[in-house]
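Colleague: Chains V and W, in that order, are what the protein sequence lines are. For the first sequence, our numbering begins at 1 and goes up steadily by one. For the second sequence, our numbering begins at 1 and goes up steadily by one.
Please note that the accuracy of each hint is not assured.
If you want the footprint, here are the derived chain W segments under chain V, 3+ residues with CB under 8 Å [claimed, not checked]:
1) 1-8
2) 22-35
3) 43-55
4) 61-67
5) 73-87
Short derived list, chain V residues pointing at chain W, Cβ under 7 Å [stated by the list, open to error]:
6) Ile298
7) Ala334
8) Gly338
9) Leu365
FYI, nobody ran anything at the bench for these hints, they're computed from the structure. Here a beta-carbon is modelled for each residue, glycine too, at the ideal position from N, C-alpha and C.
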Amino acid sequence: MATINELKERIHAGSSEEIVAEYLERIGSSKLNAFITVAKENALVRAKEIDSEGFEGSLAGIPVAIKDNISTKGILTTCASKILTGYVPPYDAHVIERLKEAGAVIIGKTNMDEFAMGTSTETSFYGPTRNPWDTDRVPGGSSGGSAAAVAGGEVPIALGSDTGGSVRCPASFCGVVGLKPTYGVISRYGLISYANSLEQIGPFATTVRDVAALFDVIAGYDPRDSTSVDKEVNYSSALKNDVSGLKIGVPEEYFGEGTDENVEKAVWNAIHTLEDLGATRIKVKMPHTKYALSAYYIIAMSEASSNLARFDGMRYGLRTEDSDWHTTFSQVRAAGFGDEVKRRILLGTYALSAGYHDKYYLKALKVRTLIKQDFELAFKDADVLIAPTMPYPAFKLGEKIDDPLSLYLADVDTVPINLAGVPSISVPCGFSHGLPIGMQVIGKHFDETTILRTAYTFEENTDFHTREPEGL
Amino acid sequence: MIAKKDLEHMGWLARLELSEEDKEKYTPRLNSVLDYFGELDEVDTEDVEPTYHILPMNNVFRDDEVNVPAKPLTQEEALSNAPKKQDGFFKAPRMM
Numbered sequence: 001m002a003t004i005n006e007l008k009e010r011i012h013a014g015s016s017e018e019i020v021a022e023y024l025e026r027i028g029s030s031k032l033n034a035f036i037t038v039a040k041e042n043a044l045v046r047a048k049e050i051d052s053e054g055f056e057g058s059l060a061g062i063p064v065a066i067k068d069n070i071s072t073k074g075i076l077t078t079c080a081s082k083i084l085t086g087y088v089p090p091y092d093a094h095v096i097e098r099l100k101e102a103g104a105v106i107i108g109k110t111n112m113d114e115f116a117m118g119t120s121t122e123t124s125f126y127g128p129t130r131n132p133w134d135t136d137r138v139p140g141g142s143s144g145g146s147a148a149a150v151a152g153g154e155v156p157i158a159l160g161s162d163t164g165g166s167v168r169c170p171a172s173f174c175g176v177v178g179l180k181p182t183y184g185v186i187s188r189y190g191l192i193s194y195a196n197s198l199e200q201i202g203p204f205a206t207t208v209r210d211v212a213a214l215f216d217v218i219a220g221y222d223p224r225d226s227t228s229v230d231k232e233v234n235y236s237s238a239l240k241n242d243v244s245g246l247k248i249g250v251p252e253e254y255f256g257e258g259t260d261e262n263v264e265k266a267v268w269n270a271i272h273t274l275e276d277l278g279a280t281r282i283k284v285k286m287p288h289t290k291y292a293l294s295a296y297y298i299i300a301m302s303e304a305s306s307n308l309a310r311f312d313g314m315r316y317g318l319r320t321e322d323s324d325w326h327t328t329f330s331q332v333r334a335a336g337f338g339d340e341v342k343r344r345i346l347l348g349t350y351a352l353s354a355g356y357h358d359k360y361y362l363k364a365l366k367v368r369t370l371i372k373q374d375f376e377l378a379f380k381d382a383d384v385l386i387a388p389t390m391p392y393p394a395f396k397l398g399e400k401i402d403d404p405l406s407l408y409l410a411d412v413d414t415v416p417i418n419l420a421g422v423p424s425i426s427v428p429c430g431f432s433h434g435l436p437i438g439m440q441v442i443g444k445h446f447d448e449t450t451i452l453r454t455a456y457t458f459e460e461n462t463d464f465h466t467r468e469p470e471g472l
Numbered sequence: 001m002i003a004k005k006d007l008e009h010m011g012w013l014a015r016l017e018l019s020e021e022d023k024e025k026y027t028p029r030l031n032s033v034l035d036y037f038g039e040l041d042e043v044d045t046e047d048v049e050p051t052y053h054i055l056p057m058n059n060v061f062r063d064d065e066v067n068v069p070a071k072p073l074t075q076e077e078a079l080s081n082a083p084k085k086q087d088g089f090f091k092a093p094r095m096m
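Okay, chain V solo, but in the shape it has when bound:
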């Protein structure tokens, strides 16, 4: 896999058009189904422009793939749902504006679980994406297309979104690096909302350096997102091969029942590697972790039931034959949404409805407070926390999709981070029977620089990130 710096050298010696054409060819011959839309014409035209303009910007001429829930002006954006059939956004998301300013070339829109609701990219209306390490297995989700595209060498960098693990899970299953920033660091303007109090856009790449380079471009204040935070940080300058004196907290609750033995071993080995490099390890207690999953799903479904009310076939997307007002909306939504989206809307509606609001929604928000306090307490002593990203490596296509609860349980280690709003980066730390394992380095609010430095130091002293899937 080529890194941004390697590609830059090739672009300067040759052209962006040549590089973009190479990636387009790989995408064209791929069996992974990582893309919903390949923006071939747009990408080649843009690459030519950059070649003639003289490579302005930190990502000049570099191809990038975008999860299909991020609005791209003039390029089909579907959220992997039938209900957004034919929807072409008339404006760009903030992150897309930033990427364009930096000279990046948008090569296509990647597959995902419908409306980002899933852990396997199997709920997509456009069929599942396959894992490059074993095409009988899922790439993780919901940003499975972005992670598989990067791992499969179909694009060097990509964007996903992470509501309850949707960047980190596929990064872990596909053996790439993925970052979920602190809530508020990246503008959500133009991100089609699923659970707005939890989600953040996040970068994917094959190295921590490239993740930081992409993050530097897309992070920053945007007045169009009222939750956007005004902070200017240069993340790439935080990349130092040094963890001396770093205090690593290890929450035993994240190594609980159901965690694969090889995953546990790989993550502990990684912690010991960092200790050998000068970090110290402390135990931290996060007693409310086991309740995070329920609290997360109640909040996410409740927010989803409200956010997805806008899809009614009036302004965009699918429209069925008109009847009266309510019947038309009900039929458009019945025809346009898939089963998992319908289930989440129904349960979210239930959790917010009169008589159940306090028992479910309000209770979940209170448990969220306790989980947030667990993190605050742990970070009194620790600089970062390290835990498995996923309890096991990638599972088989079809293995869990018929039992929603078993699929939800896979998110046990990722959802607490979104409830607390803290940043977390998943990096490759081992293999189990040829499948990648990821560990997450979790940080304090707005302390991305420390988790990036920790991940970078680990990467500089190990070679897990250099392995590539075979037979693609």
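Given the coordinates of chain V, assemble chain W onto it according to the supplied hints.
Modeller: Just chain W, lined up with the frame of chain V:
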């Protein structure tokens, strides 16, 4: 426990038409998830405040000016994706 009748009510509230098959299929699955959520009952949340947003949020005010902070879509752009439109308007189904 969600009964079929509850599901029909949720479907109505969410404007989501459910077929008989959907109702049969969803009821046990939704109940198994709801059953799992029941574990929150064992958490003591007496005197715990709810967290709606993770960072301290205040209302964001701005001057009431056109094109701030974003330029609005033109009528043509706004209508560009509408499945049905007429005379520069979105065309909705009849009310009754």
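Colleague: Next, verify each hint and record whether it holds.
Modeller: Consistency of the hints with the structure:
1. Here the segment 1-8 of chain W counts 3 residues with a CB under 8 Å from a CB of chain V, which clears the bar of 3, and the coverage holds.
2. Coverage of a stretch by a chain is defined here by at least three residues with a beta carbon nearer than 8 Å to that chain's beta carbons; for the segment 22-35 of chain W and chain V the count is 8, and the condition holds.
3. For a cut-off of 8 Å, the count of residues in the segment 43-55 of chain W with a CB near a CB of chain V stands at 10, and the three-residue condition holds.
4. Coverage of the segment 61-67 of chain W by chain V is violated. Counting CB-CB distances below 8 Å, 1 residues qualify, and the rule asks for three or more.
5. For the segment 73-87 of chain W, the stated coverage by chain V holds: 8 residues have a C-beta nearer than 8 Å to a C-beta of that chain, and at least 3 were required.
6. Interface restraint check: isoleucine 298 of chain V against chain W, minimum CB-CB distance 6 Å, threshold 7 Å, status holds.
7. Given the 7 Å rule on beta carbons, the hint for alanine 334 of chain V holds: about 4 Å separates it from the nearest Cβ of chain W.
8. Annotation: interface hint on glycine 338 of chain V violated; nearest CB of chain W at approximately 12 Å, more than 7 Å.
9. A least Cβ separation of about 3 Å between leucine 365 of chain V and chain W falls short of the 7 Å threshold, and the interface hint therefore holds.
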